[in-house]
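K.L.:
Residues per chain are reported as follows:
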Amino acid sequence: MTMAMTMKTKRTLFIIACLLPGLALFCLFKVYPTFQIFQKSLYLWTGLSDKPQFIGFKNFVDLFHDETFLLSMRNTGFLMLVVPVVTIIVALINASVLTQSKLKERGFYRTVFFFPSILSFVVIAILWSFIYHPTMGFVNSGLDILGLGEWAKPWLGDQRTVLWALAITLIWQAAGYYMVMYMAGIDSISPELYEAANLDGATRIQQFFNITIPLLWEIIRVTIIFSINGVLSISFIIVSIMTGGGPDRHSEVVMTYLYSQAFTNSNFGYAMAIGVVVFIISMLLAFISNKLTEKGAH
Amino acid sequence: MSTRVSLMGKTALRLFLLVQAVLVVYPLLWNVLASFKTNAEVMESPWKLPTSINWNNYVQAFSTARIGDYMVNSVIIVLLSMAVLLFAAVPSAYVLGRMKFRGRGFISQFYMAGLFIGGVYIIVPLFIFMNDLHMLDNRFWLSAVYATGSLPFSVYLLTGFMKSIPLDYEEAAMIDGCGYFGILLRIIVPMARPGIITLIVFSFFDFWNEYVLAMTFITSDSKKTIPVGLSNLMQIQQFATDWGSLFAGLVIVLAPTILVYALLQKKLTEGMSLGGVKG
Numbered sequence: 078m079t080m081a082m083t084m085k086t087k088r089t090l091f092i093i094a095c096l097l098p099g100l101a102l103f104c105l106f107k108v109y110p111t112f113q114i115f116q117k118s119l120y121l122w123t124g125l126s127d128k129p130q131f132i133g134f135k136n137f138v139d140l141f142h143d144e145t146f147l148l149s150m151r152n153t154g155f156l157m158l159v160v161p162v163v164t165i166i167v168a169l170i171n172a173s174v175l176t177q178s179k180l181k182e183r184g185f186y187r188t189v190f191f192f193p194s195i196l197s198f199v200v201i202a203i204l205w206s207f208i209y210h211p212t213m214g215f216v217n218s219g220l221d222i223l224g225l226g227e228w229a230k231p232w233l234g235d236q237r238t239v240l241w242a243l244a245i246t247l248i249w250q251a252a253g254y255y256m257v258m259y260m261a262g263i264d265s266i267s268p269e270l271y272e273a274a275n276l277d278g279a280t281r282i283q284q285f286f287n288i289t290i291p292l293l294w295e296i297i298r299v300t301i302i303f304s305i306n307g308v309l310s311i312s313f314i315i316v317s318i319m320t321g322g323g324p325d326r327h328s329e330v331v332m333t334y335l336y337s338q339a340f341t342n343s344n345f346g347y348a349m350a351i352g353v354v355v356f357i358i359s360m361l362l363a364f365i366s367n368k369l370t371e372k373g374a375h
Numbered sequence: 023m024s025t026r027v028s029l030m031g032k033t034a035l036r037l038f039l040l041v042q043a044v045l046v047v048y049p050l051l052w053n054v055l056a057s058f059k060t061n062a063e064v065m066e067s068p069w070k071l072p073t074s075i076n077w078n079n080y081v082q083a084f085s086t087a088r089i090g091d092y093m094v095n096s097v098i099i100v101l102l103s104m105a106v107l108l109f110a111a112v113p114s115a116y117v118l119g120r121m122k123f124r125g126r127g128f129i130s131q132f133y134m135a136g137l138f139i140g141g142v143y144i145i146v147p148l149f150i151f152m153n154d155l156h157m158l159d160n161r162f163w164l165s166a167v168y169a170t171g172s173l174p175f176s177v178y179l180l181t182g183f184m185k186s187i188p189l190d191y192e193e194a195a196m197i198d199g200c201g202y203f204g205i206l207l208r209i210i211v212p213m214a215r216p217g218i219i220t221l222i223v224f225s226f227f228d229f230w231n232e233y234v235l236a237m238t239f240i241t242s243d244s245k246k247t248i249p250v251g252l253s254n255l256m257q258i259q260q261f262a263t264d265w266g267s268l269f270a271g272l273v274i275v276l277a278p279t280i281l282v283y284a285l286l287q288k289k290l291t292e293g294m295s296l297g298g299v300k301g
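Chains as they are written, first to last, in the working numbering: chain A, 78 to 375; chain B, 23 to 301.
Hints in this document: simulated from the structure, not taken from any laboratory.
Where a beta carbon is used, it is the ideal one built from N, C-alpha and C, also for glycine.
Watch out, some of these pointers could steer you wrong.
[Stated by the list, open to error] Keeping only pairs whose Cα atoms sit at most 25 Å apart, straight-line, the calculated DSS-like set for lysine-lysine is:
1) B/K32 x A/K179
2) A/K87 x B/K122
3) B/K185 x B/K288
4) A/K181 x B/K32
[Stated by the list, open to error] Chain B regions said to be covered by chain A (calculated; three or more residues, Cβ under 8 Å):
5) 34 to 47
6) 144 to 153
7) 223 to 233
Sequences are here, hints too, so could you generate the full structure?
P.N.:
Next up, the structure:
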């Protein structure tokens, strides 16, 4: 009896010992700060030495009258819409071309296309700053070579092109990653389905829409949410290195604004209110895209 | 009879893929070429080859721009983060994947919820809290934050692995008088090795490339990591227009990434189909 008891206590102690390090870290550096943004978003708190002062929802009211914030929301919204859509389409096309065409070079392209997704965002941002560089960049000098010199412009310095230029960088970074995910998905689709479709005389394009897309739908749904969240955090690095939010705040995104409110203006309460809004919006988006895509699921 | 693509179609397809491959590779290739160019050559045209191999930029990168010091910091932080992550994730995943106890479901869900909490919006409370506890400007605590960031996904990935190991092994070890920790270290860890390696590969890239947290939590120049050092270099070189050493710096950062990728490419893409999205 005592023997059994000690066995049981031993087991319990072992379980606790195994779970403790992970749970401690998780609570300390993830759960606690998450609760903090909700609580402290209701405070006026300017400076580390300041005592936070409760002001209710005033930060949120101010936010919706803050034009820079609204502009940054619009810019982020643009990126969150354009980047996932194009990234996923490009990734799907490449994945199905590479898996279906049975080219010998398949492995090579898979390796090459995946590569940008493991590069440092800092390296990517610096490289793309040079690609768009007004005088020594590829884009403009390439246009020059093609005799389209008059189309050259400072892509990152023009408020009409800056967001598109940033979107292309984000797509370049992520498309290969999703492609590899889809390739794994397509590989698990039974080849007989495609063979049967071939016999029925279905074209490649029909097969893409009638077999590949429906059978990958569950994976596509997950990647939409991944991609939206990815844009939120990656846009911060890309924007802060490539444009600093310029020209004239036309590439300011929510995260760069949050960061500058906190660490340049020491406006901590306000920054946390931005965090809360972003948190709620990204949850809502995940929920909405889940609901919208539910119909296609089998 | 399954492939009836005409030669024309196949050529068009190849062209389509080749153009994309060039779009991916050329900027990187150009970067390597530019790192051997003199400043005047960099400014001249992005399409020309350097006239001579000029190692000067690399010397500059190490001496004036202190890329070497940043690199040492990055290596230290990657190793520390990896150690903390494995120490926290492996035992947790073992217990969550293979032992039955009250609260197991709740803890698994708790970690899953963590997958949705991104790094950037909790950075402000994290900064204040670490400031209060004097954890800022400290390589160990930065590593602990990194490890925590990867924890939910790691636990999720490894739990799946742990479940796939047959139970007989533990029972046999129990009968042989092996204790719980003995089983974990001597039986489970070796058997879960493919999962652990996948995890190490994934987190290597995350830790090596991380920028925002390092930029915010490390203040003294002597402790900065490579991505932060590079972005500082970029700011400086914009005014100094010494592009060469910036490009050399970029190549120095890229080299280990390319090396690890070349060695472990299979593991990485396999790992994505294992843990990536099946859930």
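K.L.:
Look at each hint and say if it fits the structure.
P.N.:
A quick look at each hint next to the structure:
| no. | hint | result |
| --- | --- | --- |
| 1 | B/K32 x A/K179 | holds, 10 Å |
| 2 | A/K87 x B/K122 | holds, 14 Å |
| 3 | B/K185 x B/K288 | holds, 23 Å |
| 4 | A/K181 x B/K32 | holds, 12 Å |
| 5 | 34 to 47 | holds (count 9) |
| 6 | 144 to 153 | holds (count 9) |
| 7 | 223 to 233 | holds (count 4) |
Violation of the numbered hints given earlier is absent; every hint is satisfied by the structure.
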